[in-house]
Amino acid sequence: MEAKDYKSSLKPIWCPGCGDFGVVQGIYRALAAIGRPPHEIAFISGIGCSSRIPGYTTAYGFNSVHGRSLPIAQGVKLSNPELLVLCAGGDGDGFSIGGGHVPHAVRRNMDLTYIVMDNQVYGLTKGQLSPTSPRGLKTITSPYGSLEDPINPLLYVLAYGCGFVAQATPADMPGMAAVIEEAIRYPGFSFVNIQSPCVTYGEDEQQLTEHKKMMKPLKSLGHDQTDQLRAMDLARAYGKELYTGVFYKNPNPPPTYEAMVKLRQAEQAKGARPRERVLDMYLQK
Amino acid sequence: MEAKDYKSSLKPIWCPGCGDFGVVQGIYRALAAIGRPPHEIAFISGIGCSSRIPGYTTAYGFNSVHGRSLPIAQGVKLSNPELLVLCAGGDGDGFSIGGGHVPHAVRRNMDLTYIVMDNQVYGLTKGQLSPTSPRGLKTITSPYGSLEDPINPLLYVLAYGCGFVAQATPADMPGMAAVIEEAIRYPGFSFVNIQSPCVTYGEDEQQLTEHKKMMKPLKSLGHDQTDQLRAMDLARAYGKELYTGVFYKNPNPPPTYEAMVKLRQAEQAKGARPRERVLDMYLQK
Amino acid sequence: MVHDLVFGMAGSGGDGVVSAGESLLGAAAAEGYHALMTKSFGSQIRGGESSCRVRLAIEPVLNPGGVLDVAVALNWEDFFRFGAELPLGPNTVLIYEEKAGAPPETLAKMGAVPTEIIAVPVTEMAKKAAGTDKAKTSIILGVLSGWFAIPLDSIVKGLKKKFGEKAPEIFAANERALASGVEFAKTHPLKNPRTLAKVEGKKTQKLLCDGNDMCAAGALFAGVEFFSGYPITPSTEVMQILSRELWKYGGAVLQCEDEIAGIGAALGASFAGRKSMTASSGPGISLKSEIMGLATIAELPLVILNVQRGGPSTGLPTKPEQGDLFQAAFSAHGDVLRPILAPTTVADTFKVTIDAFNIAEEYQTPVIILSDQEIAQRKEAVDPIDTSRFELKKRLVPTGADLDNYNRFKLTESGVSPISHPGLEKGNYLGAGIEHNEHGDPTVSGTMHAKMNDKRFKKLDPLRKRKDLFEVVGNPKATTALVSWGGSAGVCREAVALAKAQGLDVKLLIPTLVYPVAEQVYLEFFQGVQTGLVVELSHQGQLYRIVRMFVDVPKGVVPFCRSGANPFQPAEIVSRLRELR
Amino acid sequence: MVHDLVFGMAGSGGDGVVSAGESLLGAAAAEGYHALMTKSFGSQIRGGESSCRVRLAIEPVLNPGGVLDVAVALNWEDFFRFGAELPLGPNTVLIYEEKAGAPPETLAKMGAVPTEIIAVPVTEMAKKAAGTDKAKTSIILGVLSGWFAIPLDSIVKGLKKKFGEKAPEIFAANERALASGVEFAKTHPLKNPRTLAKVEGKKTQKLLCDGNDMCAAGALFAGVEFFSGYPITPSTEVMQILSRELWKYGGAVLQCEDEIAGIGAALGASFAGRKSMTASSGPGISLKSEIMGLATIAELPLVILNVQRGGPSTGLPTKPEQGDLFQAAFSAHGDVLRPILAPTTVADTFKVTIDAFNIAEEYQTPVIILSDQEIAQRKEAVDPIDTSRFELKKRLVPTGADLDNYNRFKLTESGVSPISHPGLEKGNYLGAGIEHNEHGDPTVSGTMHAKMNDKRFKKLDPLRKRKDLFEVVGNPKATTALVSWGGSAGVCREAVALAKAQGLDVKLLIPTLVYPVAEQVYLEFFQGVQTGLVVELSHQGQLYRIVRMFVDVPKGVVPFCRSGANPFQPAEIVSRLRELR
Ligand SMILES: Cc1ncc(C[n+]2csc(CCOP(=O)(O)OP(=O)(O)O)c2C)c(N)n1
Ligand SMILES: Cc1ncc(C[n+]2csc(CCOP(=O)(O)OP(=O)(O)O)c2C)c(N)n1
Ligand code: SF4
Ligand code: SF4
Ligand SMILES: [Mg+2]
Ligand SMILES: [Mg+2]
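These protein sequences, in sequence, are chains B, Z, X and P. Residue 102 in the numbering used here sits at position 102 of the first sequence; the count goes up by one each step and never skips. Residue 175 in the numbering used here sits at position 175 of the second sequence; the count goes up by one each step and never skips. Residue 86 in the numbering used here sits at position 86 of the third sequence; the count goes up by one each step and never skips. Residue 353 in the numbering used here sits at position 353 of the fourth sequence; the count goes up by one each step and never skips.
These aren't lab readings, by the way, just hints derived from the structure by calculation. One should not assume that every hint holds.
[As the list claims (entries may be wrong)] Label-pair distances were calculated between CB atoms; the ranges are:
hint	chain 1	residue 1	chain 2	residue 2	range
1	B	253	Z	224	56 to 62 Å
2	X	3	B	284	17 to 23 Å
3	X	197	P	462	27 to 33 Å
4	P	471	X	580	36 to 42 Å
Heads up, the beta-carbon is just placed ideally off N, CA and C, and yes, glycines get one too.
Build the full structure now, drawing on both the sequences and the hints.
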């Protein structure tokens with residue numbers, strides 16, 4: 001399989017220069033490296049510019065509703081654990097309206113990969129505050145500046161106990177593709193926060209040129225990927241520092257939810273009545 | 001004001017021995033110590049056994065819908081910052097259906113206090129898994145044991161950047177009342193996780209007698225309340241250790257949201273057209 | 001000799017009123033009676049007042065019955081708390097715990113005062129016979145058995161099953177209590193004795209279950225593979241049973257963080273090709289409405305159970321009401337047509353659940369099962385159901401030619417297009433909540449939008465012609481008519497019989513398919529009808545209004561509706577019918 | 001000399017078609033014309049195709065008009081992308097960029113082919129006159145000014161305002177481009193010239209705004225104190241304006257994490273005694289439905305704006321549709337009655353928003369403003385509104401005796417009970433979603449539940465009698481009738497005039513209060529009506545169905561409805577009316 005096998009014929013409607021063009025490229029590459037045929041991949045997203053992404057791949061896509069990609073993806077994965085399940089969306093989709101689903105998706109630890117295209121703004125709705133917008137940001141809905149601190153996707157997901165947490169930017173395509181691939185290969189719930197600039201509503205200091213200057217690969221800092229507390233400490237710099245690569249990777253991943261479900265199904269199978277006799281369970285003894 | 005002035009005539013419908021009886025006592029005491037008249041207090045809750053609590057106080061109460069106490073409380077506080085606003089509910093109300101609202105309530109940092117009565121179970125609906133139920137717990141909806149790790153209210157709220165995070169148990173009434181009072185006095189969003197046993201559906205090791213044995217006051221451990229990272233480290237023991245008291249308290253609390261709103265209102269006031277001339281803003285120049 | 005007896009009992013939490021009712025129910029079932037039991041509690045989670053109604057009959061029973069034949073008050077305060085739920089009449093035999101003291105004047109206020117009011121020293125007898133007042137209810141069971149000829153040995157058998165092995169001494173004590181109760185009955189005969197007729201012929205072994213049990217069983221029979229939901233009264237039992245059973249069939253159950261995730265995961269499972277279901281009650285259904293709309297436009301099969309309770313909002317969470325029909329039919333934004341099926345009895349819930357899965361899969365649509373607290377939670381002894389008569393439908397999966405440049409939303413004659421699922425080679429497509437063309441690509445074309453709306457509506461046309469989703473009871477030529485649905489329909493069935501007994505010829509239409517409205521069915525039914533009632537337990541009378549949307553309802557047919565909590569009684573329906581003419 | 005001109009223009013993202021339309025709109029407004037502009041874009045966020053329609057007239061205009069009088073295509077591909085949104089007729093003057101080449105045969109396929117099709121070397125002229133193709137649209141404005149007598153100096157004034165200070169050279173360049181356009185018009189006269197009549201008398205200064213602007217202004221005028229919501233197309237502009245303005249009045253705006261929090265915070269503000277509002281569109285409204293039900297049972301005033309877009313689900317987010325009426329009326333579980341007001345024009349949105357706040361506060365109820373994408377986002381030049389004629393209502397706050405043992409939900413004659421708020425001494429009560437007694441304590445009593453349902457419905461009775469919430473246009477004695485609401489009502493107004501011009505006598509009923517249904521109003525209106533149409537932009541024709549629920553609609557009155565995106569045209573309504581007779 002090559003990258004192009006994962007590219008669909010649908011022409012992206014993203015603004016010229018949108019960071020998401022890079023992200024989808026990185027996904028093509030990662031998928032090619034893994035090599036599963038497109039029909040064995042389910043790619044679920046919510047709503048937003050970024051959430052258009054499944055349509056630009058040849059996988060089975062579900063561009064669902066705003067903020068609900070994770071619950072839907074879990075239903076898909078539990079129903080057919082053989083599938084490679086990807087989940088993607090924007091910072092608003094994932095951490096504003098969808099924020100309530102994240103901790104539960106993480107703790108259930110199904111083997112799926114969640115990619116957030118973090119552009120610190122609401123793109124599709126034309127430039128309002130997003131949960132990751134810096135304090136003080138002026139937008140059409142905050143003409144005098146926002147009054148809130150941004151949320152911290154990396155620290156949150158680490159606190160939720162996620163076994164694989166990483167950050168990337170299309171400014172470093174090979175690095176990003178590699179991280180996405182590693183995330184997909186991680187046997188459990190994995191999270192990649194991608195700094196994907198919005199060229200239309202984003203700030204100058206959020207663009208790729210800036211990323212190139214700012215980015216600090218965690219590898220180069222000799223960070224120990226297995227140190228969860230240290231990872232949280234580094235994650236606290238979100239918004240100030242642009243660390244890329246893997247913050248935390250559980251050295252011994254616990255069994256996935258679907259694996260335990262398989263065991264349970266096997267254990268219980270013997271207890272199954274023939275479906276046509278199912279009502280017997282209520283027969284008065 | 002005395003504790004009894006905050007006790008309403010409504011007879012609690014909690015099961016005899018329910019931990020929530022202790023919690024409401026602690027709230028009476030804390031409110032008495034603070035001394036605001038009941039009509040200046042707004043007490044918002046969701047749905048659950050624990051969420052019945054506003055009705056047992058003489059404050060203005062709002063026993064709203066499941067999981068939505070925080071958004072409602074923020075609307076109340078912003079509309080009338082002079083009010084003392086309390087928010088309370090169960091572990092399910094707060095961290096399952098309501099979990100998406102918590103990080104945003106925290107980052108907005110309005111001066112309100114959120115009390116969660118954590119009994120590791122769904123009481124009102126008669127004993128299903130709650131987000132804090134220990135892995136493997138058998139309930140009517142998990143007859144073969146739950147397959148998920150519990151969430152960690154303390155660690156989550158710390159990661160959200162909350163300025164005041166504490167835990168308490170009715171097993172230590174004075175300690176609990178004191179912590180609630182301190183939380184209310186903290187000028188910003190404060191969170192108290194109260195281990196409040198469900199005597200009907202809870203496990204034996206979750207009852208007050210156990211709490212008495214297990215509880216470790218953080219003070220006695222010489223924990224530094226201003227060390228956020230250390231607080232997170234300790235919070236990671238949630239479910240294993242029963243630490244009580246204050247995990248983290250921001251030594252220099254930032255201005256509250258409502259304070260900044262007041263400033264903004266003052267700044268902008270001059271720009272106000274008389275309401276009857278409001279349409280002039282669209283007059284073609 | 002009577003063929004139908006309605007018992008009602010009330011006491012405080014500790015009294016074990018409900019388990020006494022269950023013993024009665026079990027014993028009756030074992031003797032081949034049709035039997036039905038409803039419970040009611042105060043708002044307390046534990047320890048509050050509790051009551052139960054048990055109805056025993058030779059013929060199948062379809063509702064909890066009206067005025068009590070036999071009422072048992074373990075203390076007056078708790079008894080009266082249930083007011084209209086335990087109605088007394090002149091012919092009621094009212095039994096009360098002696099030490100509760102003579103009946104208070106409250107009784108008089110309640111209108112019809114029973115002619116036969118008997119004090120039984122329950123506690124005293126229990127202490128004497130069993131050495132503990134825990135045996136109070138066994139005293140009562142003994143007395144009832146003695147007076148009304150409820151076969152004692154079946155009651156004993158039941159208690160043996162309950163305590164036998166675990167606690168032989170408790171069993172013995174209760175046996176003694178039963179005996180002393182029977183003895184009391186002998187020594188205190190009723191002024192006008194009533195004994196329950198025996199069931200003739202061989203006794204078929206009965207099923208003991210409620211509507212939620214039947215729904216779970218129906219889902220399992222229909223081949224449900226995935227269930228996800230969030231607990232809420234009074235629907236939780238369905239998740240509870242499936243959490244125990246579904247694994248056995250290789251399926252999975254997911255208790256989610258909220259109702260949105262509950263329907264989201266279920267929809268994901270359906271997208272993945274599985275028969276899938278979620279369940280909730282009013283408040284949760286409100287939260288699910290956005291994703292219900294997604295299921296409609298993405299044309300994904302999904303079964304959604306709504307066990308109605310009193311609304312609006314949290315309302316009366318433990319009481320029955322039929323107030324969620326509008327929501328079920330109209331809750332999503334945009335033009336949406338969503339089939340709604342309403343079970344009318346406990347047993348019917350099994351069939352309706354199977355219908356729901358079949359319709360969902362065949363027409364690629366969300367389907368709502370609109371049950372209610374009363375049907376869902378009343379325990380019945382019902383005859384076994386022959387499952388061989390049910391056929392199961394599967395969704396139409398694309399094959400061969402369909403899969404060359406596969407068009408997921410192909411505009412077909414029927415409006416149904418073959419649906420693929422992840423894992424199926426060449427079936428890849430983009431599911432979405434955005435309007436799409438035949439291939440599934442997003443579109444902003446109004447013309448395509450119109451075509452797709454048309455497709456989504458057209459594909460459901462066959463439903464309205466399905467005779468098996470409608471039932472007419474009584475003489476089809478009758479000029480007096482009843483229309484009713486769900487729990488109220490069971491009451492109306494009896495009303496028809498009662499009316500007939502009183503020489504009034506009445507017919508009854510029961511739509512299992514409450515929406516979309518089957519114009520033809522109603523028009524035919526209303527042929528020649530002069531007067532009638534649409535009977536439903538809601539303030540607005542929602543079915544009446546929905547039928548009017550599509551059918552010219554005869555002037556003489558008017559709504560008969562009221563807010564929930566207190567179900568209708570056959571008698572009041574018949575008298576209301578008389579007033580009309 | 002014509003009194004009404006409809007322009008349509010399409011090009012690709014960079015062409016500045018929309019800003020050209022705005023110049024036209026502004027110039028016309030300055031000259032005292034009534035003017036209206038709608039925009040339409042492809043699904044791209046930026047750089048995709050874009051188009052606009054501008055309508056100029058002497059008389060007030062109520063809709064974007066039908067077939068174009070003047071069409072401008074900067075390239076054919078983009079122009080045809082908008083299909084039915086830019087309809088051509090035999091009398092259309094079709095202008096196209098010369099280098100786009102001769103019109104493709106697609107034109108023929110579109111039916112009526114314009115007789116006058118003129119190529120203008122737009123780019124070439126722009127480069128020549130202004131030295132840049134950025135000035136293309138100024139060339140066009142010049143040509144249009146020349147051919148149709150759009151006053152040039154107002155266009156120039158507009159451009160000066162736009163570039164004047166900032167970029168004098170750009171302004172100069174565009175001025176030259178305008179001149180060369182005018183010159184072209186002079187040297188290439190039209191075969192059948194058409195010039196726009198001048199506005200006589202003094203020119204009142206106009207307001208330039210859209211429906212969302214008017215809604216925000218109406219809320220400010222009504223005294224809104226709190227707004228919370230979550231962005232969604234096409235409603236976001238309301239939050240946007242209030243985020244700029246509300247602080248000035250001591251209020252606050254909160255952009256929440258989702259729509260549930262949006263309505264939750266707004267409800268909290270209302271509980272705290274403030275005039276409060278939230279806004280969204282279909283998908284967000286679906287999420288709000290649970291808390292809308294809470295507002296109903298807790299009897300809290302709340303204004304909810306739903307700017308409808310194409311559904312179901314994400315549907316057609318940028319296109320108009322009237323498909324959310326069912327949802328607005330019926331989305332919550334349980335028996336809920338919720339007033340729904342629909343604005344029919346941009347200006348009307350101001351009044352309707354004030355009505356909404358007044359009704360919410362007076363009757364302690366959530367009120368839905370049901371706008372739609374077309375009204376909400378079309379820019380109009382409208383006459384200033386005299387605000388002195390609007391009175392403002394406040395909620396009834398308990399005083400004196402009310403406050404001795406205060407009963408929040410007192411059963412009163414009107415059904416409205418005084419409502420307190422935190423901070424008010426002795427007004428303390430428990431608000432809840434659980435059913436309650438008069439004092440506000442939770443209850444499980446069915447009797448109390450019935451009383452409270454009754455109260456919640458009864459208090460809204462006066463609404464259905466409010467004449468000011470209904471308008472009848474045309475001859476009240478006419479036997480041919482139209483009923484329409486929202487955006488479609490504006491089209492119907494013109495249809496009535498058009499019909500009259502064709503000698504057909506038609507009357508039109510416009511309910512601003514679309515729900516609850518005012519039986520009497522409809523019955524009176526339908527007196528003597530033989531044929532008619534209920535005109536609405538939805539697949540099902542939702543108003544028609546809702547009216548049928550409560551009113552016997554004459555057989556001759558039938559639905560005229562279609563899926564969204566392409567609004568109705570007066571002409572098609574009139575011809576449909578003719579078919580009926
Ligand atoms: C329920 C619902 N609420 C709101 C919207 C409107 N909406 C669409 S995308 C979006 C946010 C987009 O921001 P983000 O998720 O960060 O994605 P981006 O466009 O920035 O990639 C919003 C608010 C919607 N479609 N559905
Ligand atoms: C929207 C909605 N979903 C579900 C319910 C049912 N329900 C009521 S309380 C509750 C959970 C109770 O658990 P918790 O919040 O921990 O409170 P507790 O009773 O344990 O104190 C649930 C699921 C509801 N009332 N509303
Ligand atoms: S608006 Fe921003 S996020 Fe959306 S496509 Fe354009 S650049 Fe990308
Ligand atoms: S069920 Fe549990 S939480 Fe609820 S009142 Fe009883 S003891 Fe308390
Ligand atoms: Mg974003
Ligand atoms: Mg709990």
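Against the structure, the hints:
A C-beta distance of roughly 34 Å is found between residue 253 of chain B and residue 224 of chain Z, which places it outside the suggested range of 56 to 62 Å. The beta-carbon spacing between residue 3 of chain X and residue 284 of chain B, approximately 21 Å, falls within the hinted interval of 17 to 23 Å. Remark: the range hint 27 to 33 Å for residue 197 of chain X to residue 462 of chain P is contradicted by a beta-carbon distance near 58 Å. The given range of 36 to 42 Å is respected by residue 471 of chain P and residue 580 of chain X, whose C-beta atoms sit roughly 39 Å from each other.
The structure is inconsistent with the numbered hints 1 and 3, although it conforms to all the rest.
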